[in-house]
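2 protein chains.
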Amino acid sequence: MDCRKALMEAEGETEKALQILKEQGLLRAKKKAERSTTQGVIEAYIHAGGRIGAMVEVNCETDFVARTNEFKELAHHLAMQIAAMNPKFLSREEAPEEDEDIDPQAACLLLQSDIRDPDRSIQDTIDETIAKVGENIRVSRFARFEVGSQKS
Amino acid sequence: MDCRKALMEAEGETEKALQILKEQGLLRAKKKAERSTTQGVIEAYIHAGGRIGAMVEVNCETDFVARTNEFKELAHHLAMQIAAMNPKFLSREEAPEEDEDIDPQAACLLLQSDIRDPDRSIQDTIDETIAKVGENIRVSRFARFEVGSQKS
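If you're matching them up, the sequences are chains F and Z in order. At position 13 of the first sequence (counting the first as 1) the number is 52 in the numbering used here, and the numbers step up by one without a gap. At position 59 of the second sequence (counting the first as 1) the number is 98 in the numbering used here, and the numbers step up by one without a gap.
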């Protein structure tokens, strides 16, 4: 239906129709990004015989989606990613702008390569689940503890 | 052996000997409290169908003790305590002195009543495990997430 409309709007030009569809898709994702996410789950993952632990809060729009396997698997995967890849910040916006020692791709969870599929970012993985469940999804916070990494 | 020495020191007076033993015991616990704790475990506990999560780092002196059931059970119990009782600070020292709205017994993990045995504090529970395993034990940090408790 979207395709037909786009083709009509593009007066039959396929290239133009594809451009219209792409813009519509982005618009739809943007619209979802504005929707408030008050439901969700807390997930934790303990690694390396109890020496590393990660905990994450992942939010969605409804309790219904929070209970789906797709959503729970995403939360579990994110906890594993945090344990393995030790991100310092959630997103580029949270990382200090002025610090040149920071490599955003390594330090920011959403920009990191997905350990399960290094060709895509964690944000790509989240976007995929957004497409599957049809709700906005946000990672709101995470914590990662490693034995002895904090001064006592 | 300690008892005999104490009785000799107290010249046969039982009351005095008990006092000496008590002081020795406190001294021993204090000595342990100075020992560095670089080993330990990270433990996590997820509650209420994924709506509440707690993670804690508990440290001891050796990897050997970190692998014992006593120690692992303490860590698990502390994670459950944190999930259930929502402490804000680790100890009295970490809580802001000037804030009169804070009830230390409710806000500080180590001062809270143990959910399993409300007559004693969490510090008492930790001291009991210290006595069992013969090593200093410290809780160095914890985190508690509840879905939607953070502004998005």
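These aren't lab readings, by the way, just hints derived from the structure by calculation. All residues carry an ideal CB built from backbone N, CA and C; glycine is no exception. Check each hint, because a few of them may be wrong.
As the list claims (entries may be wrong) - Covered, in the sense of this in silico footprint (three residues per stretch, anywhere, with C-beta under 8 Å from a C-beta of chain Z), are these stretches of chain F: (1) 45-51; (2) 145-152; (3) 172-185.
To be verified - With a Cα cut of at most 30 Å, we get these calculated DSS-like pairs of lysine-lysine: (4) F/Lys111 <-> Z/Lys111; (5) F/Lys127 <-> F/Lys44; (6) Z/Lys127 <-> Z/Lys44; (7) Z/Lys71 <-> Z/Lys171; (8) F/Lys127 <-> Z/Lys111; (9) F/Lys111 <-> Z/Lys171; (10) F/Lys71 <-> F/Lys44; (11) F/Lys111 <-> F/Lys127; (12) F/Lys55 <-> F/Lys71; (13) Z/Lys127 <-> F/Lys127; (14) Z/Lys127 <-> Z/Lys111; (15) Z/Lys127 <-> Z/Lys171.
Said to hold, decoys possible - Which residues of chain F face chain Z? A few of them, derived with a C-beta cut under 10 Å, are: (16) Lys55; (17) Leu57; (18) Gln63; (19) Gly92; (20) Ala93; (21) Glu96; (22) Arg106; (23) Lys111; (24) Ala118; (25) Met119; (26) Ala123; (27) Ser188.
Each hint tested on the structure:
no.	hint	in the structure
1	45-51	violated (count 0)
2	145-152	violated (count 0)
3	172-185	holds (count 6)
4	F/Lys111 <-> Z/Lys111	holds (26 Å)
5	F/Lys127 <-> F/Lys44	violated (45 Å)
6	Z/Lys127 <-> Z/Lys44	violated (45 Å)
7	Z/Lys71 <-> Z/Lys171	holds (13 Å)
8	F/Lys127 <-> Z/Lys111	holds (28 Å)
9	F/Lys111 <-> Z/Lys171	violated (39 Å)
10	F/Lys71 <-> F/Lys44	holds (22 Å)
11	F/Lys111 <-> F/Lys127	holds (23 Å)
12	F/Lys55 <-> F/Lys71	holds (25 Å)
13	Z/Lys127 <-> F/Lys127	holds (23 Å)
14	Z/Lys127 <-> Z/Lys111	holds (23 Å)
15	Z/Lys127 <-> Z/Lys171	holds (28 Å)
16	Lys55	violated (38 Å)
17	Leu57	violated (34 Å)
18	Gln63	violated (26 Å)
19	Gly92	holds (3 Å)
20	Ala93	holds (8 Å)
21	Glu96	holds (5 Å)
22	Arg106	holds (8 Å)
23	Lys111	holds (8 Å)
24	Ala118	holds (9 Å)
25	Met119	violated (13 Å)
26	Ala123	violated (14 Å)
27	Ser188	holds (9 Å)
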